[in-house]
Amino acid sequence: MNISKATGEQKLQLCRTYFRAGFALLPFLWSVNFFWFFKEAFGRNSYAEQKQIKQYVIYSGIGTFIWTVALTAWIIIFQTQRAQWGATADYMSFIIPLGKP
Amino acid sequence: MELHGTQVVKYVLFVCVLLALLSTSAVCGKRLHEKIYESFFGGSCFRRLNGTHQTGCSSAESGSVGALHYVDDNNQLEFLLNSPPAPPYAAILKSDFFTRPNMMRLKNEGGRNITAVIVLNAFNNYTGDTVSFSHELKCPNQFSGILKPNSVETSTCSAMRPEDTWNPWGSGLLHEDFPFPIIIIPDNETVVRLIECFKRFNSFDYENQHLRSLCAVEIKSFMSAAVSTEVCWRRSNYINNLAQTRYCDPLEGKNIYATLFPRKIVDVEEEDDKRAAQVDRNEKFIMVTTRMDTTGMFEGVYGVGAMDSLTGYTILVSVAHTLSRLLSDKKQLQNSNLNILFMIFNGESYDYIGSQRFVYDLENLYFPKPSTHTAPITFDNIEFILDLGTFDDITNIKLHTLSEFPQAKTLLTKLQKYGNTPKYDFNINFQSSVGYQMPPTSAQSFLRKNLSFPAAILNGPPKNRFYHSVYDDGANLKYNYTNSSLDYTKLMGQNDALKYFHSEDVQMKIRNVSAVIAMSLYEMLAGKEYIGEELPSPVLIDEILYCFIKSQNCPLFFAASKPNSFTKLPLIAPNRYISVNRDSQEATIWTYRIMGYLLSQKIPNASQENCTQLPKYWFAGYNKKGECGITTQNFSLALSPAFIIENYNWSSGEYSTWSESTWSSLSSRLFLRPSRTHEIITFTTGIVVFFISFCLIYIISTRSEVLFEDPGPNASTDALNPPTAC
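Protein chains in written order, with numbering that gives the first Met the number 0: chain A, 0 to 100; chain B, 0 to 725.
Read the hints as simulated data drawn from the structure, not as lab findings.
Keep in mind the model is a prediction, meaning the values are calculated, not measured.
Ideal Cβ placement from N, Cα and C applies to all residues, glycine included.
Check each hint, because a few of them may be wrong.
[As the list claims (entries may be wrong)] Ranges between beta-carbon positions, derived for each pair:
#1 A/23 / B/61: 37 to 45 Å
#2 B/708 / A/93: 39 to 47 Å
#3 B/448 / A/85: 28 to 36 Å
#4 A/65 / B/646: 35 to 43 Å
#5 B/625 / A/85: 55 to 63 Å
#6 B/708 / A/58: 49 to 57 Å
#7 B/263 / A/91: 38 to 46 Å
#8 B/103 / A/90: 30 to 38 Å
[What the hints assert, rightly or not] Listed next, the in silico DSS-like pairs over lysine-lysine satisfying Cα-Cα at most 25 Å (straight line):
#9 B/549 / B/567
#10 B/601 / B/330
#11 B/93 / B/462
#12 B/408 / B/368
#13 B/549 / A/99
#14 A/99 / B/601
Using the sequences provided together with the hints, build the complete structure.
In structure tokens form, the structure reads like this:
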């Protein structure tokens, strides 16, 4: 979607919706929001809603970062420790790899 | 004619495709992979698991590839183990080189250089006494049976003293876990093909092997299960398992049993507590047991277990048949409450699966199953158990008991008496062995529950150099089919027998043991000495061995089925490995039928219409015309109780926990593997071409106006012409 022709009000609306929806455990939405509205938030041409958009973009960015760190840490821990955890790890998994401990 | 740029490209492409098509169809219609690979058959080692370990082999998920290297002496082995020039390698070992020390070195020192092992059949004429080939443990079923106090090891065999073990030639490789696939090549043509390929491409100029293409194999035998039965069974039954993957299946089969005399038909209650009241305390059984199964390391190349279990099996069937002829009427019995229960256990090679389950069923009053409409049996119903073990040497037999008990004493005197009666000339020496030095057979499952249980085992000293292997075949038993075409359902006197068989024939030796056992049991049942002339028929023994060693397409199997139910049966021996529930269970089905047929009491002049309801059964019979018999055979489940007890402690060692991993394919193929340099050049060329194409496209798209003439907005070269008015 091209937002270049949208009004400031519409942009803010969109950015806010993406930010709020991200709380439903949808970190990818935050990352999309962050990159999509990055130019709008920090671009030169200022308009009334830019300040608010900037706020949402920053929060989305922080959220994305926290999620990335948390997920990376979890994936590393889970992949390295899965075999040791035994039954517990199996109960956490939906797909268990073949032929591996 | 002026051609546009795009048209030129299209034209060139079209010609290219046409040429390509023409050239391939002109050469031959083979697919590319058929030109690169040559498939061949090999019996594959696969993964089995128990409560705590995994054993066997698995390839890499996409198949294991290695250049062939023929190892026929220690120098070749050293070559493979000390940084060889073009790893990875697939070691080819002749079967006499497939030993524990060699395999453990390949496993421990080979690392990533060894990706597969191929075993070649080299025992076409194995007569030397030095040759042995057994992958079973020195103490089979070492971790089950009668255990040492506070230990998981058996007290009836010590691997520390190999001379006293039950399988002194055992390498134990069947119980090792290998990180690479192992296959055995049973047929000699493939052996020649592999060796020729190795000689043509690999076996010269070893230092520069990495500079040329080498003959290599790709073996696929990837196993789904890992770690232990506990893990794979949990994963298979796990509810969140989205893909519904089965990782492993328990080893499972059926025990076959038959009674000498039919039992009373009663309605049995399904509920546990009510069944106890239905036990008939007066009913007594002498149990004669043996095992049905054998095993081996390689799927599809199991071996028939001729000496390791078929002798005992044949003796049991022969004894059962003889007694059913000699004692066809219950009135001949001294004690009319006494009966014989012949029991053939399945899965005994894997920690006594069948007998453990039988004991478990007895404890829960679940044998026989209620659907058989016969009263449940308890331990108190069993007078004693006579278990038939292995009979490698059929002239020296020991009666093993843990402690002395009166029935064993009586039995021994009778065995000794008949074994040495000059009239019959059996010349079998029976000795007593009391104590913990007991062979690994089914009786141990009973003794484990109760050390004073009256159980005796008949067993010969171990002489089988091919225990649980593909070479334990007819030749190992020195068996030749006599094919006398006589009526094997009739008993036979000594003189008749000697007309068709030599006294040294294995058929006669098995007959002699069967005769002694049958006569002793006859005396115990009838209360009088056996003085008749009729003896077990060596013809029947000949036929049983033929069916189970050579071919299922045998007279006995036809006779034991319904008339005209088959025109031809497979020309190979039935598979006697217990396997998993989904497998065909050939040996079980045939055992069930022949026990039914040979123990049945014929109803003369009965018609087929009146012979449809069990226990009556319409057999084809010896002359294939059809006959009606009253049968007594049935089956019980041989699935370890470990799989049905809730929250079973898998590491407790109480019951057998063996399972078999599932796999998606077992295949092996031969091809030429290019040298590493060749592979690197191919790969780099690909990458270079990839990047050049990027540059090319960039240049073309930036210069598109120059290269392709702009036809202007109104030209009709668009892909879709606007429709003209219709």
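Quick rundown of the hints versus the structure:
no.: 1; hint: A/23 / B/61: 37 to 45 Å; verdict: holds (40 Å)
no.: 2; hint: B/708 / A/93: 39 to 47 Å; verdict: violated (57 Å)
no.: 3; hint: B/448 / A/85: 28 to 36 Å; verdict: holds (31 Å)
no.: 4; hint: A/65 / B/646: 35 to 43 Å; verdict: holds (41 Å)
no.: 5; hint: B/625 / A/85: 55 to 63 Å; verdict: holds (59 Å)
no.: 6; hint: B/708 / A/58: 49 to 57 Å; verdict: holds (54 Å)
no.: 7; hint: B/263 / A/91: 38 to 46 Å; verdict: violated (56 Å)
no.: 8; hint: B/103 / A/90: 30 to 38 Å; verdict: holds (37 Å)
no.: 9; hint: B/549 / B/567; verdict: holds (14 Å)
no.: 10; hint: B/601 / B/330; verdict: holds (17 Å)
no.: 11; hint: B/93 / B/462; verdict: holds (23 Å)
no.: 12; hint: B/408 / B/368; verdict: violated (33 Å)
no.: 13; hint: B/549 / A/99; verdict: violated (40 Å)
no.: 14; hint: A/99 / B/601; verdict: violated (57 Å)
The structure does not agree with the numbered hints 2, 7, 12, 13 and 14 stated previously, though it agrees with the rest.
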